[in-house]
Amino acid sequence: MANIEKKHIIDSNKLSGEQYFTSILQETYSNGLLCDSDMEKIQLQCIQLLAYKCERYSGGESSSIRVEAAESIMKSNLYTIGLYLKSLPDVDFAVNEIKKSSVSEMYQKGRELINVRLRSAKHIYNLVRKNKMVTPNYSYNSTINEGIESFFKVYDPDYEAHETPASIDYQLCNTVTNLIGIEFILKYLENLFLENEFCRDFAAEDIHHLLYGYDKGYKDLLINIFEQVLTAALGCSLANRSVVKLDISAEEVQHLHYELSEYDDCSLSLRLRKAAGKVLEELNADSLPLRRYIEKSLSKIITNILHAVRMNTLDKTFISKALPDLKPRIRFLSGTKMHDEDYRKLIDELLICRHSSDKLVLIKEKVKSFGDLEDLLLDAHLSEEETALVFDILGDVEIAVLVRRHPFKTDIQALDLSEGEMALRQYLKNYIDRLPKCKQEEIFEKADRLIYE
Amino acid sequence: MSFEIIGISSSLIEKQAITEIERCNEFTAEFGLALSPSDAAELVETRNIALKSNGRIEFGSGAIQKIIREFCDSPYISMHNYAETIHELTEMFYYYKNETLDLMSDDDLIKFMKNSFDGKCQGSLELLSGRELANMARNLRYGYPPDYSEDPMPDEEDEDGEY
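Going down the list, the protein sequences come from chains R and E. The opening position of the first sequence corresponds to residue 27 in the working numbering, with each subsequent residue numbered one higher. The opening position of the second sequence corresponds to residue 3 in the working numbering, with each subsequent residue numbered one higher.
Bound conformation, chain R alone (with noise of 0.2 Å):
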């Protein structure tokens, strides 16, 4: 045993993370540290544990499972070994544990492990819960709040350890791979409240006005807000602008451009190395696990850098901020239709009215809402001078409406319009030519932010 321990012959490099246990059982075998009759000693020994875990599972009603069941029970007795393995201080350890230990009491000590990365689990998501940033980003939200949290409702430990029953859309700076199960989870968790941790230093609308410069449309996307936040912060630095505002012109980034073309690869790696040192001094992050954190993320913003540096397109990696049109907006309703019967009768008398002026003072009196009013102008045959008096019996938000839904076209465009219809865009576009440019602008500007239903 003092041998195995001495000598380090298995690489901790050859073993996989998700199936460590079998893994580390294949390097030992092919080095000659267990011999034949081990490995068979361990598989029946692995047998008897399924068929302990199998009648458990049936509850002692059925004798038979099926195979695909049995399957993932030994999958996750497996899994719940090389757990504990893993918890050994190294691999030598780990092989002297299989050496002298039996499968099932190493199962108990997994097993027993997997209650407390549980539990740890649990507490990290709740701080993660209270560290999230505001943000409008749909992925990011619906991860933590529902993704992670289904599962811990329905992890379980005792037959299916090595599942990852959780719906994970928001992607890491740093993916956590050749994890599986509670590992992956513990480990998503960890990453994601120190990138919540960094995050938190900058104004969530900071943030959000950078996203926004990114991608108008940043809600919907599968983003990682802190790779941009890290960037837009190296961005900063380098340009020597205030870290925590992260504000950058695009002027700034060309003129970064033209620096950062002349080094080499090696030294701009070092510039950029130091700009982050200088972005953790600004901010105070003395956090050693989020130095480590950033550390890591580095390489891979670097190499996003670097790439942006050579092909001219560092304006699509240092984002300008940009900030959304806060304008209020124009609700606009066209309320109740009248009944179709008094419509017709409507449209009878105006089509019967000779004057104008009574025209003017029917619809004054019986048309109550946008809607009719707008059939009506396309169905009562009025003339350019009579439908201008209706206009002029209109608010501006009401003309404003007219021109977003029947805005005018040159004949060629018109061909597919009903003659009601082409003859009212062309009075109506008459009718605003006519107006004060003031009071066009303001009509179309009131166009631009109205919603109506």
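Since the hints were derived computationally from the structure, they do not count as laboratory data. Treat the hints with care, as some may be off.
[Claimed, not checked] Distance condition first, Cα-Cα at most 35 Å in a straight line; then the derived DSBU-like pairs of lysine-lysine:
hint : chain 1 : residue 1 : chain 2 : residue 2
1    : R       : Lys322    : R       : Lys245
2    : R       : Lys300    : R       : Lys347
3    : R       : Lys271    : R       : Lys342
4    : R       : Lys79     : E       : Lys68
5    : R       : Lys67     : E       : Lys17
6    : R       : Lys125    : E       : Lys54
7    : E       : Lys68     : R       : Lys67
8    : R       : Lys455    : R       : Lys392
9    : R       : Lys156    : R       : Lys271
10   : R       : Lys371    : R       : Lys148
11   : R       : Lys156    : R       : Lys135
12   : R       : Lys148    : R       : Lys213
13   : R       : Lys126    : E       : Lys17
14   : R       : Lys79     : E       : Lys54
15   : R       : Lys112    : R       : Lys156
16   : E       : Lys17     : R       : Lys125
17   : R       : Lys79     : E       : Lys113
18   : R       : Lys79     : E       : Lys116
19   : R       : Lys463    : R       : Lys242
20   : R       : Lys67     : R       : Lys156
21   : E       : Lys17     : R       : Lys79
22   : R       : Lys67     : E       : Lys54
23   : E       : Lys68     : E       : Lys116
24   : R       : Lys455    : R       : Lys394
25   : R       : Lys394    : R       : Lys371
26   : R       : Lys322    : R       : Lys135
27   : R       : Lys135    : E       : Lys54
28   : R       : Lys392    : R       : Lys326
29   : R       : Lys156    : R       : Lys179
30   : R       : Lys271    : R       : Lys472
31   : R       : Lys135    : E       : Lys17
Could you slot chain E onto chain R? The hints should help.
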């Protein structure tokens, strides 16, 4: 090293299963039934094939012992059809474990098989498998009780009271 479940076929486990089946002769003797060592080995083989074809796995002697214990007092089983019937019942058992989506325990399924075999099926394995067990499995899958029937059973006697 392989942990493929389907490949598990330990001769030790099989030997243990054969011994357990042979031990059943002790209590089936009073009904004039007995299995030879080769019958027991064949039964284990049938079980293995049935398990494999139905995608299931079993540890120990499993259900065969329970089937023998339940069916040994059936009036429709005698020494000349004993081994053959147990073979068929074993195949049926594993098939309907799947068909019932494991919703029924081994004991309940075997009891249902015995009651139907001795009752409605009057010893017919075809009726047991093709009608009674099939109906029962369908009922369970649709959430009805195992003996649920949409049509009331037609009276077996005709109007004259004759069979």
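Cross-check of the supplied hints:
no., hint, result
1, Lys322(R) - Lys245(R), "holds (26 Å)"
2, Lys300(R) - Lys347(R), "holds (24 Å)"
3, Lys271(R) - Lys342(R), "holds (19 Å)"
4, Lys79(R) - Lys68(E), "holds (21 Å)"
5, Lys67(R) - Lys17(E), "holds (18 Å)"
6, Lys125(R) - Lys54(E), "holds (33 Å)"
7, Lys68(E) - Lys67(R), "holds (30 Å)"
8, Lys455(R) - Lys392(R), "holds (26 Å)"
9, Lys156(R) - Lys271(R), "holds (23 Å)"
10, Lys371(R) - Lys148(R), "violated (69 Å)"
11, Lys156(R) - Lys135(R), "holds (32 Å)"
12, Lys148(R) - Lys213(R), "holds (12 Å)"
13, Lys126(R) - Lys17(E), "holds (29 Å)"
14, Lys79(R) - Lys54(E), "holds (20 Å)"
15, Lys112(R) - Lys156(R), "holds (30 Å)"
16, Lys17(E) - Lys125(R), "holds (28 Å)"
17, Lys79(R) - Lys113(E), "holds (26 Å)"
18, Lys79(R) - Lys116(E), "holds (29 Å)"
19, Lys463(R) - Lys242(R), "holds (32 Å)"
20, Lys67(R) - Lys156(R), "violated (49 Å)"
21, Lys17(E) - Lys79(R), "holds (22 Å)"
22, Lys67(R) - Lys54(E), "holds (25 Å)"
23, Lys68(E) - Lys116(E), "holds (11 Å)"
24, Lys455(R) - Lys394(R), "holds (24 Å)"
25, Lys394(R) - Lys371(R), "holds (15 Å)"
26, Lys322(R) - Lys135(R), "holds (32 Å)"
27, Lys135(R) - Lys54(E), "holds (33 Å)"
28, Lys392(R) - Lys326(R), "violated (68 Å)"
29, Lys156(R) - Lys179(R), "holds (20 Å)"
30, Lys271(R) - Lys472(R), "holds (33 Å)"
31, Lys135(R) - Lys17(E), "holds (33 Å)"
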